[in-house]
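Trainee: So the mapping is simple: this note's numbering equals the position in the sequence shown, first residue as 1, plus 172.
Hints may be right or wrong, so weigh each one.
Stated by the list, open to error - Below are the EDC-like pairs computed for lysine to aspartate or glutamate, each with C-alpha atoms no more than 16 Å apart in a straight line:
#1 Lys-366 with Asp-249
#2 Lys-797 with Glu-713
#3 Lys-739 with Glu-757
#4 Lys-573 with Glu-208
#5 Lys-788 with Glu-713
#6 Lys-567 with Asp-602
#7 Lys-205 with Glu-713
#8 Lys-710 with Glu-790
Derived by calculation from the structure, the hints in this document are not laboratory data.
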Amino acid sequence: MTIEAIPVPESVPEQIKPVEVVTEEERAALRAKYLEERDKRIRADGAQQYKPLQGILKLSEDKDPYTEVKPRAPLSDHVDFLFLGGGFAALSVCARLKEAGFNNMRILDSGGNFGGVWYWNRFPGAMCDTAAMVYLPLLEEVGTRPSAKYVRGPEILAHAQRIATHYGLYEHALFSTHLESLTWEEAGQCWRVKTKEGDNFTATHVAMGTGPLNKPHLPGVPGLEKFQRPAMHTARWDFGVTGGGWNGEVLEKLKDKRVGIIGTGATAVQCIPQLGRDSGELFVFQRTASAVAVRGNHEIDPEWFAKLDKGWQAKWLSNFVTLMSTGVADVDYVHDGWTDSVKRITARMVEEAMKKGQNPADLGFADYMKAYHLSDDEYTTAVRARTDEVVKDKKTADALKAWYRQYCKRPCFHDEYLETFNIPTVHLVDTDGKGVDRVDETGVWANGKHYELDVLIYATGFEFSSSYTSRAGLEVFGRNGLALSDAWAEGMKSYQGMHVRDFPNLFIVGIFQGASLISNVTSNFTDAGLTIAAMLKKEKELGTKVIETSEKAQEDWVKLVLSNTNKITGGPECTPGYYNNEGHEEGLKQRLDGGRYPHGSHKYFEYIDDWRTNGKFEGIEFDGKPVAVAA
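Build the full structure now, drawing on both the sequences and the hints.
Mentor: Here's what the structure looks like:
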């Protein structure tokens, strides 16, 4: 059987179809409306408006409500490879190392088990907005069939732990452990690792996969610490307060409670339906509406899945990346809101070119952006029209409409969110871009009115624009005591998004300055695993001990990253958010910290595959020499 798209039951709603006609007058009105809504929301403090959880919430980010931490003896040994983090980045990389024959490793994480963000984010309704067939790594290797096109948090966490079991990674795990410092020791050519639990050991190589969604934060609202009743962040859900569980069980302790939730982003879109169903009353405090399109979730047919050819996931991943990189493919295996959007833009660009007698192959990014704007006007108009169709109260429907382009914020897809606002006990408190006024001992003030609450929930996201070391929760000291925060004071500087000069044997496993595939972050991780395994094999072959980027390779890569002006997400015309530095102009630091390979994700994956397989490892020094000399 050839690889093909998932068969979709007839009962599943179709993706939103753009309206056929938007007049020039309507387009001009949209642009004016977008700017008006943006200007309402810009704050002088930008990304500095947010606050940490500590001292405000009972369950702060350094407390684990899911695993009892048992005392253990501190470690003082040596390992060849240490991975910092226990999510899909760690699992993907360490699985590839195991396949390559490397076993002397350790995986360190503050959580009590594998899972990373999915270990911590156990809020009701949690699921992934990317199709499971491409989001869940190593499905073929582990032998797992996703239950549905989009799977919920418990299934994602179970898959993460299944990977760990399959590859024997539990024997290498050091859980409930908080890193204190990471320091390069030149004499021993290794990293000194110290933890808050008293560990003091060394590692020859270290990989960091702390992820962009690692450190939850709170909004810059006065009085957060004053609230005297139960409060929680969605990333640290307290089922002791709400009752129920992560698998959709009724939140029975909320049935007579007045519950407030601040935030209407991607997390809120997922948890509000169950909160609306189970709470006595639910008050949703909104600064900016999310654009919520159709998800169209459905079960995956076991018989169809069983017939997939060997190697199907690699083909699906390549197909998804090609489409998301504005490429053209004969088939769309995933066929969801992500791929539909880029196909729509590409089709519009070709259509406009044909009208002018141009060859589509000769068009550039400016033509792509024009096609994006034209097609986006038609699509977002249809999304707003769907809101009118679903939400019965006109005032509420109007307030739930998003006035910005689709990629100004992370796109949301859900089949129950808008419907929730038809429940009589669910109240939307729209603040017209201002946000809530303040919090006091008994509730929230918004629009000059006090809302008394029994429980307050913050769906306010994670640190994103802060420094890498802030999100990682530690400082890294490289050669001659150079701090990573100092090396990156003007912005991230790397080679391939992974290697940093003066930080030998350190691998950054993330999404920036590489493929930067934000629509499916795990693709970045699985690819990084292949790259790291290839380098360690070459090091073993050469008999060397230190892997480091050359200074020139890093300088050239940074120039390459800065040459990229082709950016579809965010932009100065967008409402504030982490896609556009909270509405403030992007300086050098922001351009570097959020930088990407200028030719797109698909081309990056092609480039790095050739780079790691041709045996040259251009730009990397082994014991201070390029491969040709080191050999």
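Trainee: None of the hints should be skipped; say for each whether it holds.
Mentor: Outcome of the hint check:
1. Lys-366 with Asp-249: holds, 12 Å
2. Lys-797 with Glu-713: This hinted pair holds, its Cα atoms lying about 14 Å apart.
3. Lys-739 with Glu-757: Within the cut-off at roughly 14 Å; holds.
4. Lys-573 with Glu-208: OK: Lys-573 and Glu-208 at ~14 Å, within 16 Å.
5. Lys-788 with Glu-713: With a Cα-Cα distance of about 13 Å, the restraint between Lys-788 and Glu-713 holds, given a limit of 16 Å.
6. Lys-567 with Asp-602: holds, 10 Å
7. Lys-205 with Glu-713: violated, 61 Å
8. Lys-710 with Glu-790: holds, 13 Å
Hint 7 from the list above is the single one not met by this structure.
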